[in-house]
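For reference, the chains in residue letters:
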Amino acid sequence: MIAVELGKLLRSRRTWVTIALVDALPTLVAVLLAVTDLGPRPGTGPAFLSAVLHDGTLFPLAAMAMVLPLFLPVAVAMAAGEAIAGEAQSGTLRYLLVRPVGRTRLLAAKLVSVMAFVMLTVLVVGATALLTGTLLLGHENTGRTISVSGTTLSTGQLAERTGLALLYAMLSMLGVAAIGLFLSTVVRTPLAAALGTLAVLVASTLLLPLDAAHALRPYLLTRYWLAFVDLFRDPILWTNVVHGVLQQGAYVVAFLTAAWANFATKDITD
Amino acid sequence: MIRTSALTKRFGSILAVDAVDLDVREGDIYGFLGANGSGKTTTVRMLLGLVLPTSGEVSLLGRPMPSAAREVLPQVGALVEGPAAYPGLSGRRNLAVLDAAGAGRADGRRSRRRRIEEALDRVGLGGIDGRPVRAYSLGMRQRLGLAAAILRSPRLLVLDEPTNGLDPQGIGEIRTLLRELHAAGTTVLLLSHQLAEVEQLCSRVGVLDRGRLVLQRELEEICGPTGRIHVRTPDADGARALLDGQVEATTSTGLLVRHPDPGELNAMLVGRGIRVEELTPERRTLEDAVLAATGAGSDRVARP
Numbered sequence: 001m002i003a004v005e006l007g008k009l010l011r012s013r014r015t016w017v018t019i020a021l022v023d024a025l026p027t028l029v030a031v032l033l034a035v036t037d038l039g040p041r042p043g044t045g046p047a048f049l050s051a052v053l054h055d056g057t058l059f060p061l062a063a064m065a066m067v068l069p070l071f072l073p074v075a076v077a078m079a080a081g082e083a084i085a086g087e088a089q090s091g092t093l094r095y096l097l098v099r100p101v102g103r104t105r106l107l108a109a110k111l112v113s114v115m116a117f118v119m120l121t122v123l124v125v126g127a128t129a130l131l132t133g134t135l136l137l138g139h140e141n142t143g144r145t146i147s148v149s150g151t152t153l154s155t156g157q158l159a160e161r162t163g164l165a166l167l168y169a170m171l172s173m174l175g176v177a178a179i180g181l182f183l184s185t186v187v188r189t190p191l192a193a194a195l196g197t198l199a200v201l202v203a204s205t206l207l208l209p210l211d212a213a214h215a216l217r218p219y220l221l222t223r224y225w226l227a228f229v230d231l232f233r234d235p236i237l238w239t240n241v242v243h244g245v246l247q248q249g250a251y252v253v254a255f256l257t258a259a260w261a262n263f264a265t266k267d268i269t270d
Numbered sequence: 001m002i003r004t005s006a007l008t009k010r011f012g013s014i015l016a017v018d019a020v021d022l023d024v025r026e027g028d029i030y031g032f033l034g035a036n037g038s039g040k041t042t043t044v045r046m047l048l049g050l051v052l053p054t055s056g057e058v059s060l061l062g063r064p065m066p067s068a069a070r071e072v073l074p075q076v077g078a079l080v081e082g083p084a085a086y087p088g089l090s091g092r093r094n095l096a097v098l099d100a101a102g103a104g105r106a107d108g109r110r111s112r113r114r115r116i117e118e119a120l121d122r123v124g125l126g127g128i129d130g131r132p133v134r135a136y137s138l139g140m141r142q143r144l145g146l147a148a149a150i151l152r153s154p155r156l157l158v159l160d161e162p163t164n165g166l167d168p169q170g171i172g173e174i175r176t177l178l179r180e181l182h183a184a185g186t187t188v189l190l191l192s193h194q195l196a197e198v199e200q201l202c203s204r205v206g207v208l209d210r211g212r213l214v215l216q217r218e219l220e221e222i223c224g225p226t227g228r229i230h231v232r233t234p235d236a237d238g239a240r241a242l243l244d245g246q247v248e249a250t251t252s253t254g255l256l257v258r259h260p261d262p263g264e265l266n267a268m269l270v271g272r273g274i275r276v277e278e279l280t281p282e283r284r285t286l287e288d289a290v291l292a293a294t295g296a297g298s299d300r301v302a303r304p
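So the protein lines, in turn, are chains A and B.
FYI, the working numbering numbers position 245 of the first sequence as 245, with every residue one higher than the one before it.
FYI, the working numbering numbers position 237 of the second sequence as 237, with every residue one higher than the one before it.
In isolation and in its complexed conformation, chain A is listed as follows (with noise of 0.2 Å):
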């Protein structure tokens, strides 16, 4: 079943789509920033948007900072929702459940699935990002690149540590896939599925600057997402990372037993 939904996956035209529009925004402000040469004023912008003129390989990084808040949720979100709800809409879920393929196995399939995007999207948008990055910005690459806090980091070091925040990034969305694949075993239509994860996702961002929220602040979704850029400072500041790591892991747990408890017994009415 898993091979027949990754199968599915990398043959939809729509995955490609997907993936290519995510992938449209960091290009553009690459070439936009490669015409104009001019960064954001230190301290403004997306994380290392200020830094890439000068070294083209931290683009990558800059690239997923961009996506992540936005992007990135919006096409997990989509997929996850599909996950069931989309199956159920178009009939073919009762035909998958008498083949028969037991319940938890499809589950899974389905977010064996949406994880193989999310990888896709984020490996898709790194390299993508790499390549424009070195190809059209800043080339004072010595082999040595300034961290956040103002050390030196080696060209090895670099590529660790942004491979710990790809993986991060990927971790993050796992979050919003557990949701969007919850909700889809709840709603009856894909849309709504997507459209409810987008919410606990807008909620969230909204929450996280107010202040009378500060006590809900651990909880919120998205507040350690952006904590990868933590990977960067000298000596890596470990603690947001952490407490990301534990939060979406805690996230992912949830809201995948409840989409199994709900699954498993679920009239299939559609």
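Hints are supplied without guarantee of correctness; some may be wrong.
[Stated by the list, open to error] Here are the simulated DMTMM-like pairs of lysine to aspartate or glutamate, each with C-alpha atoms no more than 25 Å apart in a straight line:
1) A:266 with B:57
2) A:266 with B:21
3) A:266 with B:71
4) A:266 with B:81
5) A:8 with B:129
6) A:8 with A:270
7) A:8 with B:117
8) A:266 with B:18
Note that these hints are calculated values from the structure, not bench results.
Please build the complex by placing chain B on the supplied structure of chain A, with the hints as guidance.
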């Protein structure tokens, strides 16, 4: 093949299926009748493990459902409430995806191409090109759904309105296909509200009315003789005089006579010089039996 005991499903305050004891035996073509909303589809969904019963039990091929779904369902082919397919994929690709999705026979993978082509041939789609299912007509989708149901040569076929959307010729083809499959040993549970179709195909009939199984018998018993014989004769007056007291009604073409033996009746009439043009034992129709057993369908909402 299928046996349920006191099978009940309640959706909130609505009792959709009420203590149904279904009994489909091996080798039956079982016609499962009922008005719209009588609970047929919910019952079938419970048989297949899609809907969980509120109470009661289901046994499919001798094993309890839904707990034995993994062992039982590979031997069951189903068409539940209309066909469904991935609209962007071709018919062949849809069958391949569905076949690959579940575990099955050990040689499932190697024989897949052959089985897909065979199934498509049998439902009359053998020459279909690679166009996506999105571009199929209603009848083609219906045929593709049937192909998916027979793909793994199931022992039991559960078909919900299999001829929906087909033209008369297509309906005839599907009827022939079902007869062939049945002759090869497949048991069929056929859901329908087309009484004529059921009368032509089925050996056994169950009728559901507002969630209750109100009739479950051999078709032969249901449509048995009524004990009356229709006699068409130009000498109606002579016949009436002769059969005094046995004539129950006069029709435009002849007489309706209560008599136990058509042969004897014929011999007697002819012996007395009465010309008999036609002599037919009256039979109960399935329609009479179903109407007698059921009330109005639930899609009729009258004012209180």
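* Straight-line Cα separation of residue 266 of chain A and residue 71 of chain B no greater than 25 Å? -> Roughly 21 Å between the alpha carbons, so the hint for residue 266 of chain A and residue 71 of chain B holds.
* Asked: Under the criterion that the straight-line Cα-Cα distance not exceed 25 Å, is the pair residue 266 of chain A, residue 21 of chain B satisfied?
  -> holds, 24 Å
* Asked: Is the Cα-Cα distance between residue 266 of chain A and residue 81 of chain B 25 Å or less?
  -> Status holds; Cα separation ~18 Å.
* For the pair supplied as a hint, residue 8 of chain A and residue 117 of chain B, confirm whether the alpha-carbon distance does not exceed 25 Å. => It holds: about 21 Å lies between the C-alpha atoms, which stays within 25 Å.
* Given the hinted pair residue 8 of chain A and residue 270 of chain A, is their alpha-carbon gap at most 25 Å? -> holds, 22 Å
* Does the structure keep residue 266 of chain A and residue 57 of chain B at a Cα separation of 25 Å or less? -> Holds. Residue 266 of chain A to residue 57 of chain B sits at ~18 Å (cutoff 25 Å).
* Satisfaction of hint between residue 129 of chain B and residue 8 of chain A, Cα-Cα up to 25 Å -> Roughly 20 Å between the alpha carbons, so the hint for residue 8 of chain A and residue 129 of chain B holds.
* Within a Cα-Cα threshold of 25 Å, do residue 266 of chain A and residue 18 of chain B meet the stated pairing? -> Holds, because 20 Å separates the two Cα atoms, which is no more than 25 Å.
Violated hints: none; the structure is consistent with every hint.
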